[in-house]
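So you can see what is in the structure, the chains are spelled out below.
There are 2 protein chains.
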Amino acid sequence: MLPGMTANRGYHHGDLRRALLAAAVEAIGESGPAALSLRDLARRAGVSHAAPAHHFGDKAGLLTALAVEGFDLLAGALGRAGGDLLETGVAYVRFAVDHRAHFEVMFAPGLYRADDPEVAAARARAGAALRGGIAALPARPAAEPDRDALAAWSIVHGFATLWLAGALPPAAGPDPESAARSVIRRLFE
Amino acid sequence: MLPGMTANRGYHHGDLRRALLAAAVEAIGESGPAALSLRDLARRAGVSHAAPAHHFGDKAGLLTALAVEGFDLLAGALGRAGGDLLETGVAYVRFAVDHRAHFEVMFAPGLYRADDPEVAAARARAGAALRGGIAALPARPAAEPDRDALAAWSIVHGFATLWLAGALPPAAGPDPESAARSVIRRLFE
Numbered sequence: 013m014l015p016g017m018t019a020n021r022g023y024h025h026g027d028l029r030r031a032l033l034a035a036a037v038e039a040i041g042e043s044g045p046a047a048l049s050l051r052d053l054a055r056r057a058g059v060s061h062a063a064p065a066h067h068f069g070d071k072a073g074l075l076t077a078l079a080v081e082g083f084d085l086l087a088g089a090l091g092r093a094g095g096d097l098l099e100t101g102v103a104y105v106r107f108a109v110d111h112r113a114h115f116e117v118m119f120a121p122g123l124y125r126a127d128d129p130e131v132a133a134a135r136a137r138a139g140a141a142l143r144g145g146i147a148a149l150p151a152r153p154a155a156e157p158d159r160d161a162l163a164a165w166s167i168v169h170g171f172a173t174l175w176l177a178g179a180l181p182p183a184a185g186p187d188p189e190s191a192a193r194s195v196i197r198r199l200f201e
Numbered sequence: 013m014l015p016g017m018t019a020n021r022g023y024h025h026g027d028l029r030r031a032l033l034a035a036a037v038e039a040i041g042e043s044g045p046a047a048l049s050l051r052d053l054a055r056r057a058g059v060s061h062a063a064p065a066h067h068f069g070d071k072a073g074l075l076t077a078l079a080v081e082g083f084d085l086l087a088g089a090l091g092r093a094g095g096d097l098l099e100t101g102v103a104y105v106r107f108a109v110d111h112r113a114h115f116e117v118m119f120a121p122g123l124y125r126a127d128d129p130e131v132a133a134a135r136a137r138a139g140a141a142l143r144g145g146i147a148a149l150p151a152r153p154a155a156e157p158d159r160d161a162l163a164a165w166s167i168v169h170g171f172a173t174l175w176l177a178g179a180l181p182p183a184a185g186p187d188p189e190s191a192a193r194s195v196i197r198r199l200f201e
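Protein sequence lines, in the order shown, are assigned to chains A and B.
For the first sequence, our numbering begins at 13 and goes up steadily by one.
For the second sequence, our numbering begins at 13 and goes up steadily by one.
Source of the hints: derived by calculation from the structure; they are not laboratory data.
Computed from a predicted model, the values in this text were never measured in an experiment.
Treat the hints with care, as some may be off.
Said to hold, decoys possible - Ranges between beta-carbon positions, derived for each pair:
| hint | chain 1 | residue 1 | chain 2 | residue 2 | range |
| --- | --- | --- | --- | --- | --- |
| 1 | B | 27 | A | 136 | 17 to 27 Å |
| 2 | B | 60 | A | 182 | 39 to 49 Å |
| 3 | A | 95 | B | 140 | 34 to 44 Å |
| 4 | B | 140 | A | 127 | 38 to 48 Å |
Cβ coordinates follow ideal geometry from the N, Cα and C atoms, glycine included.
The shape of chain A in the complex, shown without the other chains (with noise of 0.2 Å):
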């Protein structure tokens, strides 16, 4: 906390809970998920060590208050692409590069509530605009929407994770979303 600053001072309610989620963003960037503690939360925001606890319960309600960000975060830019697959396909790698530590907690189900109704209504959202894409897809004798879904998705998500990983080959080039475009134009061809 800053001298002379009282627990909480200058925050609203609202104003608090996103500065809480502020830095456990920060924290998880640093250190991921496993190592984030609610008490380290409180001293990255300046406030009371009861704040976070108040505002979230546990670090578990804490990181599904992340997980619900995160699948909101992604519905929307999955949605501004418009329902282009490929267009789609790279908005969900952009998400995974702009939103590290999201992206991490949120397919980390074991860390957070996954069956929380606000999670799972943010989850279809998701996926909603993800199957958008897919329906925009020229048809074909054989398709098959669930299947297709899964593929796409397992593309651009494997993509996105070896990128986040640091695994991926010199070959791949340094521009996560023009790699992502030329891999996903794989499933047209």
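Since chain A is already given, all that's left is putting chain B on it; use the hints.
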């Protein structure tokens, strides 16, 4: 340690190393690689506190050895698919499901010495086995081997990662191998 057992009793040098790696796999399966400690490993293997450091130096050294072992196992599994891309992809997913702890460490290169020469050599063997599957694809006018290999790697890595995260919808079915087979086939159509 069992009552009456002396430090390292009953272990030949190579056996102790293998016992420590097996204990690490068990510990990672329970709590992930971030929570692993050499002290906990020694306790699990029933050996002196000094034994893990003697064999691996530090935690990063232990995880480096686990990554080498993982890439070797992966190269063997992919190689046994006999150069068929579909079977190579299914073998990748089977490896991830059967060797979850290795898989998690291999693709978290911040946790170990990813530039270690033994890691690089084992990773290159696994990469060559994956590309062996790609090379067996029928020739196509627009074939781009680097890009096709990255697409195949992305789709199997993404499928395996989503499966391990418990993120897939019920429509994917209960069996990872048959679901993977159906998804990978999408690359050939």
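Going through the hints against the structure:
| no. | hint | verdict |
| --- | --- | --- |
| 1 | 27(B) - 136(A): 17 to 27 Å | violated, 51 Å |
| 2 | 60(B) - 182(A): 39 to 49 Å | holds, 43 Å |
| 3 | 95(A) - 140(B): 34 to 44 Å | holds, 39 Å |
| 4 | 140(B) - 127(A): 38 to 48 Å | holds, 42 Å |
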